[in-house]
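Chemist: Residue numbers (the working numbering), protein chains in the order written: chain C, 1 to 334; chain B, 335 to 882.
No lab work stands behind these hints, which were simulated from the structure alone.
Virtual Cβ for every residue (Gly too), placed ideally from N, Cα, C.
Treat each hint with caution, since some may be false.
Claimed, not checked - The following residues of chain C were derived to be distant from chain B, with all beta-carbon distances above 12 Å:
| id | residue |
| --- | --- |
| 1 | Phe62 |
| 2 | Leu72 |
| 3 | Gly240 |
| 4 | Thr261 |
| 5 | Gly295 |
Unchecked claim - Covered stretches of chain B, as calculated for chain C (at least 3 residues, CB under 8 Å):
| id | stretch |
| --- | --- |
| 6 | 473-479 |
| 7 | 544-558 |
| 8 | 611-624 |
| 9 | 691-699 |
| 10 | 767-777 |
| 11 | 847-853 |
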Amino acid sequence: MLRFVLRRLALMVPVLVGLSLLLFAWVRALPGDPARALLGERATPDGIARVNAAYGFDQPLFVQYFTYVKALLHGDFGSSIQTGRPVMDSFVERFPATIELGLTALLLAVVVGVPLGYLAARHQGRALDTAVVSGSLLGVVTPVFFLAILLKLVFADTLHWLPTAQRQDPRIEATHITNFYVLDGLMTREWDAAWDAAVHLVLPAIALGTIPLAIIVRITRASVAEVMHEDYVRTAESKGLTSAVISRRHILRNALLPVVTTIGLQAGLLFSGAVLTETVFSFNGIGQNLFDAIGHRDYPVLQGFILFIAVVYSLINLLVDLAYGVIDPRVRTS
Amino acid sequence: MPASVKQSLGRATAVLAIATLALTSCAKSERDDSGGGSGGGTFVFAGSAEPVSLDPFFASDGETFRVSRQIFEGLVGTKPGTADPAPLLATSWDVSDDGLTYTFHLRDDVKFQDDSVFDADAVCFNFDRWYNMPESAQTDDLTYYYATLFRGFATGDRADEAIYDSCSADDATTATITLKKPFAGFVSAMSMPAFSMQSPTALKKYQDDGANNPRTTDYSTAHPVGTGPFELESWERGKQVTLDANDSYWGEKASIDKAVIVAIDDPKARADALANGEIDGYDLVGPADIKPLEDQGFQIENRDPFNVLYLGMNQKAKPLDDPKVRQAIAYALNKDEIVSASMPEGTETALEFVPPAVNGYTEDVTRYDYDPDKARQLLQEAGAEGATIEFNYPTGVSRPYMPQPEDTFNVIRTELEAVGLKIKPTADQWDPDYLEKIQGTEDHGLHLLGWTGDYNDTDNFLGVFFGTSTKEWGFENQQLFDDLKEARGLPTVEEQTPLYEKINQEVMDYLPGVPLAHPVPSLAFSPDVQGYEPSPVQDEVWNTISLG
Chain C
1 MLRFVLRRLA
11 LMVPVLVGLS
21 LLLFAWVRAL
31 PGDPARALLG
41 ERATPDGIAR
51 VNAAYGFDQP
61 LFVQYFTYVK
71 ALLHGDFGSS
81 IQTGRPVMDS
91 FVERFPATIE
101 LGLTALLLAV
111 VVGVPLGYLA
121 ARHQGRALDT
131 AVVSGSLLGV
141 VTPVFFLAIL
151 LKLVFADTLH
161 WLPTAQRQDP
171 RIEATHITNF
181 YVLDGLMTRE
191 WDAAWDAAVH
201 LVLPAIALGT
211 IPLAIIVRIT
221 RASVAEVMHE
231 DYVRTAESKG
241 LTSAVISRRH
251 ILRNALLPVV
261 TTIGLQAGLL
271 FSGAVLTETV
281 FSFNGIGQNL
291 FDAIGHRDYP
301 VLQGFILFIA
311 VVYSLINLLV
321 DLAYGVIDPR
331 VRTS
Chain B
335 MPASVKQSLG
345 RATAVLAIAT
355 LALTSCAKSE
365 RDDSGGGSGG
375 GTFVFAGSAE
385 PVSLDPFFAS
395 DGETFRVSRQ
405 IFEGLVGTKP
415 GTADPAPLLA
425 TSWDVSDDGL
435 TYTFHLRDDV
445 KFQDDSVFDA
455 DAVCFNFDRW
465 YNMPESAQTD
475 DLTYYYATLF
485 RGFATGDRAD
495 EAIYDSCSAD
505 DATTATITLK
515 KPFAGFVSAM
525 SMPAFSMQSP
535 TALKKYQDDG
545 ANNPRTTDYS
555 TAHPVGTGPF
565 ELESWERGKQ
575 VTLDANDSYW
585 GEKASIDKAV
595 IVAIDDPKAR
605 ADALANGEID
615 GYDLVGPADI
625 KPLEDQGFQI
635 ENRDPFNVLY
645 LGMNQKAKPL
655 DDPKVRQAIA
665 YALNKDEIVS
675 ASMPEGTETA
685 LEFVPPAVNG
695 YTEDVTRYDY
705 DPDKARQLLQ
715 EAGAEGATIE
725 FNYPTGVSRP
735 YMPQPEDTFN
745 VIRTELEAVG
755 LKIKPTADQW
765 DPDYLEKIQG
775 TEDHGLHLLG
785 WTGDYNDTDN
795 FLGVFFGTST
805 KEWGFENQQL
815 FDDLKEARGL
825 PTVEEQTPLY
835 EKINQEVMDY
845 LPGVPLAHPV
855 PSLAFSPDVQ
865 GYEPSPVQDE
875 VWNTISLG
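Using the sequences provided together with the hints, build the complete structure.
Modeler: Written out as structure tokens, the structure is:
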């Protein structure tokens, strides 16, 4: 197991080196100039030249790349052109917001999606199944930003049930230790702060979680339906096992493998959805920061954040692979 | 379905439903309870972005200055509701006849928020600090205003052009600043937050101007100390800046206990947050949101315009090099229609490239009143009937001087096509594509752009536009460049005024572009907010606010 993990971690190295090169080329291929984005209407040719010199953008590209990689090897991801802050600091500060939102969305998708998919499979062809299949289809085809705007319009702007923006009411005095606001509220026993942060998560999490939820429903339904007709399920039934035991031990456990793969993939894809959701709800995570960085041609932030996300994505996939072994011992032995 | 699974699912659904109901109802009640009562309370204001630093010397953006204006004060302020200089930390000042020596008489009852005394030594410490800025901090992103207005630092490639000479503390309440060259806008410029007086004690303890980035030092993020009516409680990056009322403030003390500034970049999202009770006020209201907000009982406050929106013409793009074509375009525009179709109520049409409040403004300039027949005739004389002209305009942006560029473009396009010109529209994302194309290349024709003044100085408008040859305008007019240089070098505003009036006439005769309007920037507030005083140069300090 340890060898497997180490081998997978080692494989990440060439992936990240390749990605750093691609990212470097991509951000510089974007039209526009970070110095002009920084100085805005006040830009003058001299001013732009001075900023470019200060950030090394006047150097040849290969010099810039090697400077960048050299700094990376020393753990220095550079500083944002817009704010001057180290990229790592901004990432560490904002990543908890995205993780908090992503986990809530994923939790919603799994907790609602797996039972719904299971129920639909067990009631194939009936009204419940039709409703679940149609609903999930609608969920898959609804763009995240559209759903986010719609939810905000109905539940925040019109009904005023939920907040429209931010992660917490600015009037609440909250202590932040981990920057996971709900967790911080619970740790410091500031219940109103925890509650308020949870309330701020509701709409963004629903918007972000709907597509994964719909996909999980469909995969679970298909997987359970397939397993239900396996010989070992019939054997278990003929042995006189109770329906609950068959469901838990034989159907769900075997049907879960593709579902876990899907959950892993969706967890990674949540990052791309977060860019849109966080922007609509002014939710200050890495998604919104990335969106701003693209607008400002903030090369170091773009490169740093996307590299971090790639690392996190790879680690999630590794965890998914490890989870296979837990769910299905055959995978572990092979 | 097995009974046990059915039961569990049923239970889970019920719990989920109850939790959702409880969540939403509690959220509502909680927000209903928030907000300040009469006297005290927390004022929550939304800007469009976070500040870049809490040391205003290293900033040139409005969001940083919004926070700075609460914490810091300069020697000079502005008269309420105007851009004109007024006493603040200095009660008065004398200027020598040659315009090189400024003697400031200071208040004697002022302390910084760290209890250190504000006096002439503190003034000189600040001036000397700015002048001796390390070369690493002499880039336009960090020290734009000092470099632009004082022309250079003690060291670096612009040292020879620097106009600051020295500061002497004559006594505790008298500081004398000596310049090497006259700078008539000096007193007005001192009202800008970049030139706020900062505590020497705190600067020595927490600031490092030579740091890799002085905007991220301890001072710039956690320990800014000024003399203003609020002091910093905390800056939680990505969340909010929280300010506490300064109980030992020398002037009118704030009646609110706290002020919180949050960043919401989308104007519609700011309007939604106000309507939902999450904030008490916000800046840069989109014109489309004004009526709905007013209908819901929210207050709209307008600033007197201190800006100009213009239709620029790049003379490198033919036939815009022909004065008759430029005049034809000016005559083809119905500015009243442009304003009514795409600008907020209260917007004034523009006669020239400076707003009326600026020194040197004159109504005695060549006017190009809407006359489509004359426009057609001029085009005929120029042989440019049916000419195709590229028209660049930005998308995805709303600036105080250009609230709805797409709508403005559409009206102008229709008017130009009505006189026989063919328009080739080119839209670009504002930042950085549009600005790059207009200011950094010659690849553009007609274009929409503008400017909001920083302080009351004509050079801050005309000098920015026409002080030198630029790719935006694509012309060489040495006479105009020389006149602007001469005006900038005159020692007093009184001497500058007739020359700037002449330059405004000269510009409108030459017609490098068509000044269109001075749009009114708006702020919105909940009905509870009282006493907000809008300022054309955004010199808005919140000690006047109360929450009713």
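Chemist: Of the hints stated earlier, which fail here?
Modeler: Numbers 5, 9 and 11, in rising order.
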